[in-house]
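Q: Since chain A is already given, all that's left is putting chain B on it; use the hints.
Residue-level listing of the chains:
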Amino acid sequence: MIKEKVQLKIASPLHSPQEAVPLIKRGASELYCGVLEKNTGSYYYSGCFNTRAVPTANLASFEELERTVEEAHSAGGKVSLAINKFYAQKQYDQALLHAEKGAEKGADSLIVSDIALMLKLKKHGFFGKKFYVSSVAAVYNSESVDFYKQLGASRIILPSQITLEEIKGLKERHKDIEFEVFIFNNQCHNINGFCGFLHGIYAEMFLPKFMRGKGRLMRKSFISNFLLRGFSEKFKNMITLKTFGCLQTFELRFEKKLNAGVPSEGRGIIWDPGTYFYRCGACFLYRLKGAGVEFVKIIGRNRTTATKLNDTEFISRAAGLTGTVGGEAEFLEKVKRMRIKIYGHKKCGGQYCYFND
Amino acid sequence: MKAEFDILDRLDKSIEKAFYVYNPEQLSECDERFDRVYFGSEFCENKIPSIDQLDKAVSFSESRGLKITFVTGHVTDIGIERLRKISSHLKKTGLPNGFEVVINDWGLLSVFEDCGCIFSLGRLLIRQKTDPRIAKANFPSEVLSILRDVNINDELAQFMKERNILRLEFDNSYQGIEFTNNYGFLMSLYLPFGYITTGRTCHYFYLKRGQKSGFIRDKLCSSECEEGSVILNNKNFPGELFLRGKTLFFKNDDPAGILKNNKIDRVIFERYLPV
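Sequence order for the protein chains is A and B. This note's numbering numbers the first residue of the first sequence as 1 and each following residue consecutively. This note's numbering numbers the first residue of the second sequence as 1001 and each following residue consecutively.
Excised from the complex, chain A in its bound form (with noise of 0.2 Å):
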C-alpha cells in the first residue's frame, strides 16, 4: 500500500453542463472543457479556441460554463477552461477575451499552450485563475519545466507520448508545482504541439461547395453536433479516420530496398489507428502515485456521457485501490480484473498500454 502522502486525483472531460455533478460523484476532482460560441466566429478553424475545433467537444456558451462552474463546485468539483491552440497574430485579442470571459463565469484555471498567450494573459495576471501549462505545449525536460514555473505556471500537463521514468525524472526535480498524466482512451503517436496536420480538412476537401465556407460549416457542425450525440463511438470513430491526415491509407515506397523476402513497396496506414481510442493506462496509477503525479486525465471531450461516466469511474475505482492494496503485484491483479468486467478482454494490453514503451 502507498502512504496516502499524495493523493491522485483525476480530470475529466465535459461537454455539457449536465455532465458536471454525474461525472464528480463518479470520482472526477476536477472537469476541464472548452467553450465554442455559436457567434464567436463563422467557421470553426477561426472561431475556436481550444484544440477540439467541433462542437460535440465543447460547450455552447458561457452561459454554459458558468452553469458547469455552479454544478461542480456545489459537488465539490473545480472546472478548468481550454484555451490551448496556438494563434494568429489576428486572434490573440480575441483569445484574451474568451480567458476574460472564462475568468468572470468562474472557471478554476485556465490551460493555455501559446507561449504568446500565456505572456499576454500574465499581463493581466491570468485574471486571478490558476495557469496550467496543456499538453500541446510539449513539455519534456526539466529546464521546459522551468522556464513555464518562471511565467507563473502552477501545472504542467505533460505530452502523452513520455516514459514512466521521465515522468519521474521531472517529478523529483520539481516538486514545487503540479503535474497531470494522461491515463484514459487517446494517444497519437505524433506530438500534437509539433503537429501540422489539420483534422477538420476533410469537409473542405469533399464537401459540395455549397455546404463550405462562411457560415455554412458551422451550421453544418451545429446540425452534426446535434446528430452525433445521439450516434455511438463506433460512428464517431469511422468520421476521425477519414478526417485525420495521418490515418489516411497511403502507398508506401522504401527509397532503398530492403533485404531479400522483406517486400519494399505497399500500402497501408502507418499509425496505429486503433490507439486513437483505445489507450489506457491503469496499470500504472500505483507507479504514478509512488512518483508523487497529481492528477491523472482521462481524454476525450467528445464522447457521449456515458462513455465519460465509465471511464471515470474505472480510473477512479482503480486510484482507489493504489491506497488499499498490499503492493502492485495484488494492484495489478486487481485493476486487470476490473478493467475486464467493464471493457471486456479487448482492447487491454501491448499495443493499447500508454506506458508500455
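If you are wondering where the hints come from, they were derived from the structure by calculation, not from laboratory data. Hints are all accurate, no fakes.
Computed far set for chain A versus chain B, every beta-carbon distance over 12 Å:
hint: 1; residue: Q18
hint: 2; residue: S61
hint: 3; residue: E64
hint: 4; residue: N302
hint: 5; residue: T304
hint: 6; residue: G323
hint: 7; residue: V325
hint: 8; residue: G326
hint: 9; residue: A329
hint: 10; residue: E333
hint: 11; residue: R337
Subject to a maximum C-alpha distance of 20 Å in a straight line, what follows is the list of computed EDC-like cross-link-like pairs (lysine to aspartate or glutamate):
hint: 12; chain 1: A; residue 1: K90; chain 2: B; residue 2: E1155
hint: 13; chain 1: B; residue 1: K1136; chain 2: A; residue 2: E251
hint: 14; chain 1: B; residue 1: K1002; chain 2: A; residue 2: E255
hint: 15; chain 1: A; residue 1: K78; chain 2: A; residue 2: E178
hint: 16; chain 1: A; residue 1: K122; chain 2: B; residue 2: E1162
hint: 17; chain 1: B; residue 1: K1002; chain 2: B; residue 2: E1029
hint: 18; chain 1: A; residue 1: K90; chain 2: A; residue 2: E100
hint: 19; chain 1: A; residue 1: K78; chain 2: A; residue 2: E66
hint: 20; chain 1: A; residue 1: K122; chain 2: B; residue 2: D1154
hint: 21; chain 1: B; residue 1: K1235; chain 2: A; residue 2: E265
hint: 22; chain 1: A; residue 1: K149; chain 2: A; residue 2: E166
Even glycine gets a Cβ: it sits at the ideal position worked out from N, Cα and C.
A: The following block gives chain B in isolation, referenced to the frame of chain A:
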C-alpha cells in the same frame, strides 16, 4: 532522399544560402554557392552531434570562410545534458564566426544563453500549419489568412528580443506566410522539404519489419533513419510525402510566393531529409 541543387539557381543572389546537414561527412557536398552551414538535429535527440562532430563542422566552416548555425530539436532531460556539454564546450573554445543556435524547445534557452549567442526560433516553435492538403482544400479567405499567419504578438516579440532571439524559421507551406506584423525579425526558409508532423517513434523501424508503430522507441535506436526514407502517396495530398525516422515531410520546391510576399533573407537548403 536527395534534393537537387538547381532550386538554388532560382534564388536572388542577395539571399544568404545555408547548407543543412546533421553529419559532418555530408559537408563534402557544400560548395561555393553557400554562405553558411546549418548543422545539427531538429527531430531526434539521438542524433544530437558529439563535440567531436561539432568541432569538425566548425573547422570545415572556418576553413571555407562560412558562418555556422547549430540546430537543436525538442529534447528530454537526456538531450538537455548532451546539449549542456556542447554549450560548455562552446564557452571554453569561444563562439565561431557568425554563430547562432536554432531552438525548438523553450527549455534550451537557459542551456545556451550563457554562451552569448544569437538565437533563431525554429520551425517546431513557429507552429506553422503545414498540412499539404490545404493546397487542395477550398477555404474561405478568412480562414486562409489565419492559416498563413504566425503565432507572435507584441508580448512574445518583446520577450524574444530581450533574449536575443532575432530570427524566425519557416517551411515553404503551400498556403504561404502572411504576417500582420513581423516585428523586424529576420526570416529564413527551409527548402525544399517542410515538416508536417513528428513524434518519438522511428516509423522506419516498424515499417521495415511490417509491424504497427509503437509510441516511444527512441531508446531502442539503431540509426534506422540512416538507411533512407519511405515515400508515401495518397491522392488527397498534392505530392509525395517522405517519412524519415520519426518525421513526415512534404516537398515544395517552388518558393516564389513566399519570397515575393515576405522579407526572407536566408534559404536553408536541405540536400537530405533532416533528422
